[in-house]
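**Student:** Listed below are the residues making up each chain.
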Amino acid sequence: MRNLSPFSFFLSPLTIMVAVIKYNAGNIYSVVHALRREGVEPLVTDDKQLISKADKVIFPGVGEASTTMDYLRKNGLDTFIKELKQPVLGICLGMQLMCRHSEEGGADCLGIFDADVRKFIPKEREKIPHMGWNQIYSLKSDLMKGIEDNKFVYFVHSYYVPICSGTIAKTDYIEPFSASLNKDNFYATQFHPEKSGEIGSIILKNFLNL
Amino acid sequence: MLAKRIIPCLDVKDGKTVKGVNFVNFRDAGDPVEMGKQYSEAGADELVFLDITASYEGRKTFVDVVKRVAANVSIPFTVGGGINELSDVDKLLNAGADKVSINSAALRNPQLITDIAKNFGSQVCVVAIDGKEDAPGDWTCYVNGGHVPTDTKLFDWAREAQERGAGEILFTSMSHDGVKQGYPNEALLRLHNELNIPVIASGGAGKMEDFKDAFIIGQADAALAASVFHFGEINIKELKSYLKENGIVVR
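Chains as they are written, first to last, in the working numbering: chain G, 6 to 215; chain X, 21 to 271.
Simulated from the structure, these hints should not be mistaken for lab results. Treat the hints with care, since some could be wrong.
Listed below are several chain X residues computed to face chain G (Cβ distance under 7 angstroms; list not exhaustive) [to be verified]:
1) A23
2) R25
3) G35
4) V38
5) G63
6) A90
7) S94
8) I95
9) P96
10) G116
11) Q143
12) E214
13) N216
14) I268
15) R271
Every value quoted in this text rests on a predicted model; they were computed, and no experiment measured them. We put the beta carbon where it would ideally sit given N, CA and C, even for glycine.
Chain G extracted, bound-state conformation (with noise of 0.2 angstroms):
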């Protein structure tokens, strides 16, 4: 539960400033919403200069993969992204582009976690895209803490990540994907954090206190 006391105004990180990264995406409000309800009220911005002096950096990302990121190449933010050294929470779509590769579009990506974006094949007639609450195991890192394993968050998407050596959470959908990754400065996760009810509200706190 959300601490509504009087004297959350003082507990809650407000006087962080976290900037979400403003790009050709879509709903990123939701984040912005989310955030809200953890007490900050972040920044939605594409100004390089107020990113780089943002404490934290949300990267959203609900669209396709290929078109984001000649949008992040002609507007200079891929290489912006990779060399923040600030804590960067990369969610959704913004996941798999912090990947080398995806194989929606044939995009060439980030390359900040050594991993390949697939799309999910079907085996036994599953549902593309993967869509609703799935569970998360195998859980590493500040990001998860105090999170037990195999508790639900909120999906969709019709891509993932293999598991690889950044993975911090893992999720089985037709097989063992990445649901979450970390590699230095950088973390990510497949499902909505701030669609995923209180765990999300969980790691999203998580990620203001990193």
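Given chain G's structure and the hints, the job is docking chain X onto it.
**Tutor:** Here is chain X on its own, set in the frame of chain G:
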């Protein structure tokens, strides 16, 4: 494991929910946002808000409701009712809805599905179908809130909707809706077998067993209900424990 989803549906008119509610400790039983929060805390996996307002002012009020839901509820939600063109979809998604549900407008203009999928992605496009079983296994699609029959057959239309880029099918059986005798499990199973997108069962739930049957016999991916939740006849937490006991994966 991917969980089966339980989805309460709320009808909204002029910014207020219309169906009576039996919840205890409700500050404002008619406030869609408050109800959405309560359902979310009770374990609902998603929410559907249907705008049943006819007036222009009512529609604007609904967009405000959507904005407030988006700010206060941390689970996905779908909005529907009165969506006729792409600009309606844009408005509702910008207000913070995760998905939109289209019904009559899609039957009248199937291109709308294609356009939504192309512009916003399949995952936001729920195609709702109201069907009536004329003869065993023979289902006809209806429009205008189930009042006007069309020449379109359910399974043909569901397949076309999928091909055009629908992300989910929300199937309401008018033969079952409001009767509380269970979901149309045979038709649900056939939809499951013929489609490779998720199917949401809607209309007919009267008891917990009906949900189990929709998931086990009908192979539905999600089950939507309104009155059994609103009138407190079925508690979502109890429903989920019951489903779990019956071997169904729920959150």
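**Student:** Work down the list of hints and note, for each, if the structure agrees.
**Tutor:** The hints, checked one at a time:
A hinted interface residue such as A23(X) counts as satisfied when its beta carbon comes closer than 7 angstroms to some beta carbon of chain G; here the least separation is about 4 angstroms, so the hint holds. Evaluation of the R25(X) hint against chain G yields a held restraint, the C-beta minimum of about 6 angstroms falling below 7 angstroms. With 7 angstroms as the threshold, the beta carbon of G35(X) stays out of range of chain G, its nearest partner Cβ sitting at about 19 angstroms, so the hint is violated. Contact between V38(X) and chain G, as hinted, is not supported at the beta carbon level, the nearest pair being about 26 angstroms apart and thus beyond 7 angstroms.
Against a cut-off of 7 angstroms between C-beta atoms, the interface hint on G63(X) is violated, since the closest Cβ of chain G lies about 9 angstroms away. Using the Cβ-Cβ criterion of 7 angstroms, the hint placing A90(X) at the interface with chain G is satisfied: the shortest such distance is roughly 6 angstroms. Restraint check, S94(X) versus chain G: the minimum CB separation of about 5 angstroms is within 7 angstroms; hint holds. Taking 7 angstroms as the C-beta cut-off, the interface hint given for I95(X) holds, the closest approach to chain G being about 5 angstroms.
Interface restraint check for P96(X): the shortest CB-CB distance to chain G comes to about 5 angstroms, inside 7 angstroms, so the restraint holds. Because the smallest distance between the Cβ of G116(X) and any Cβ of chain G comes to about 6 angstroms, under 7 angstroms, the interface hint for this residue holds. The criterion of a C-beta within 7 angstroms of any C-beta in chain G is met by Q143(X), whose closest approach is roughly 5 angstroms, and the hint holds. Violation of the interface hint for E214(X) is found here, the shortest Cβ-Cβ separation to chain G being roughly 11 angstroms, above the 7 angstroms cut-off.
Because the closest C-beta pair between N216(X) and chain G is about 6 angstroms apart, less than 7 angstroms, the hint holds. Taking 7 angstroms as the C-beta cut-off, the interface hint given for I268(X) is violated, the closest approach to chain G being about 13 angstroms. Annotation: R271(X) was flagged as interfacial toward chain G, and the flag holds, the nearest CB pair being 4 angstroms apart, inside 7 angstroms.
Comparing the model with each numbered hint stated earlier shows that hints 3, 4, 5, 12 and 14 do not hold.
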